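Top line first, the protein sequences correspond to chains Z and W. Residue 266 in my numbering sits at position 266 of the first sequence; the count goes up by one each step and never skips. Residue 76 in my numbering sits at position 76 of the second sequence; the count goes up by one each step and never skips.
Which chain W residues face chain Z? A few, computed with CB under 10 Å, are given here:
hint, residue
1, Ile18
2, Ala55
3, Ile105
4, Phe126
Computed list of chain Z residues with no C-beta within reach of chain W, every gap over 10 Å:
hint, residue
5, Lys2
6, Lys25
7, Ser30
8, Gly80
9, Gly141
10, Thr144
11, Phe205
12, Ala219
13, Pro231
14, Val252
15, Ala271
16, Asn296
17, Glu297
18, Leu320
19, Gly322
The hints are simulated quantities; they were obtained by calculation from the structure and are not laboratory data. Here the structure is a predicted model, which is why all the values come from computation and not from measurement. C-beta atoms are modelled at their ideal positions from N, C-alpha and C, and glycine is treated no differently.
There are 2 protein chains.
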Amino acid sequence: MKLAILFGGASYEHEISIVSAITVKGKLESKFDLSFIFCDQDHQFYLIEPSKMKAVTFSRGEHRKMAKLGLINGGFEQRGLFGTKRHEMPVLNLIHGGDGEDGSIASLFDFFHIPFIGPRKEASMFSFDKHYTKWLAASLGVKTLPYEIVRKDEKRAVATAYPFIVKPARLGSSIGVSIVREAGELDYALDVAFEFDEVVVIEPFMAGVKEYNLAGFSARGEITYSIVEEPQKAEFLDFEKKYLDFSRSGHVAEAAVSEALVGQLRDAFKAIYAPLFEGALIRCDFFEIEGEVYLNEINPIPGSMANYLFEDFSASIQKLLGSLPDKKAIRVNYDYIHSISQAKGK
Amino acid sequence: MKLAILFGGASYEHEISIVSAITVKGKLESKFDLSFIFCDQDHQFYLIEPSKMKAVTFSRGEHRKMAKLGLINGGFEQRGLFGTKRHEMPVLNLIHGGDGEDGSIASLFDFFHIPFIGPRKEASMFSFDKHYTKWLAASLGVKTLPYEIVRKDEKRAVATAYPFIVKPARLGSSIGVSIVREAGELDYALDVAFEFDEVVVIEPFMAGVKEYNLAGFSARGEITYSIVEEPQKAEFLDFEKKYLDFSRSGHVAEAAVSEALVGQLRDAFKAIYAPLFEGALIRCDFFEIEGEVYLNEINPIPGSMANYLFEDFSASIQKLLGSLPDKKAIRVNYDYIHSISQAKGK
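Using the sequences provided together with the hints, build the complete structure.
Rendered as structure tokens:
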């Protein structure tokens, strides 16, 4: 089965995406005929030789010697001296953050009729922006933490009680995120967050709250859930933790949770997933507070595709590939122009 | 000043977009060096000779004899026997409905670094879907009519009192819209709306309510407002009315409204516009009910760019072109990979 892995992107998570792609390669290469498509920070696509799928290939700029690809209807095109070669296969969108998760790649691939695993453009918008995620969750009856919004050009007045957490609205992972414990720390935390976004989300910081992650996807009308994981505790992810997160490939143990809680987590996941996230394998991160489940965030392209949460990751990807959503075709027959022309007597 | 007009698209409003482009050509050709780029229903781009900018060119398929264009970084590319020619100029996105107003073209142009007039992808998403428009307006303190949502796969239970109006969530103009006066009409109206969308918005139908349209755009931090128009009354637009709407070029009279109402309309427009709609010239359609202003819908690419509402339409477009938003560039320096490599001793 052919599959291309797309990674890189003009994104603060560009490098993390490279790490993720290398990990997923290791998990899928025995079952798939894989190609690797790198998107550089200027949006040039390159076809990467499988043996060169190492982080240093990109940090040293060696990818620039490889074949350039352009987007055409149905896939990618490689131009050469003796003509062009078409590359047509489904694509796994593994660009984390900007481009991949903000709806750009989804729009491009839908426009050029390229089948892909990943969030579609609306799903991207709602998961990419933490503020919009709150609107979506509220409309679907899924709880989230209380929050307030601060905009770059507004007065820096925060009503939430200390300690609270300050997050740029539109970045994944832990980039630009701070915990603010007292008034003296606020300005610096906002300065950092405003480096990355004009809009900042503030939520109460609750130490010691239980966290649970659940991944899954829908195929043929049914959701396949991963195991529930209780992520390793840390106030938040630092540099090395993040690397560990995106390069994870070993299977993890299921969290010791009650059947009732698994049911609650799955219900919340299902409400968020369907029908907006069809075509994507997503990971939802939840809090449990006093027996209630709260959505923390939606990762529509989780680090290394959350492969470590699935019993058989290759089989999961195969199943999802067999059930990608079709974009409804619109046929134009020019009846309207014909009738105008007739009405005008032309 | 060079400017390309992009029109067509895989959209139920494909033909209306052709009418709109022909109208805008008439309004701008004396002041701009115009090119015309047609997007067919399969997403092939064509460069249209200005003298062939007539509706029958497209209904007869004559555009297929003209130069094909491909998207490249910075613009469009025309391939020929003796090499390729680049077309680089700002683009006025005049694709109404799908593709143009749903964020696809915005994503493509942002991705390929093509400057354009039109809504950016988030703005598109919120204006394209009437349901999401309600969320946006609520968050900005702008009133809209009460509503309920019916989904295709759900029970057809409607709580709104008759008469009400049934609209597909994601289509502009009057396509798929019905007024339902009694229970016997509901099923048919929903069947029609579900032809076009899986999600339907239901709002009370209020006969005799005053309607006002206001267009505008932001340039250099300031909004330029059009005159306020009271659109011609009709329960809703039929076939010929729609043609008249998209081919309008004659200047219209300002509605006889109080200064206070103009102020209210402008305040609501400004709240909706900034900062989400930067780069676009939009038309907001409002209701006035008991002295209060309600947003009906946002047209982020209004028919014929609402040229008839501006004193000097060419000057307005020039002003907007001089103030298009820049996408913040993200530079990748591979510090992260370098530090991982060092940490791993490689």
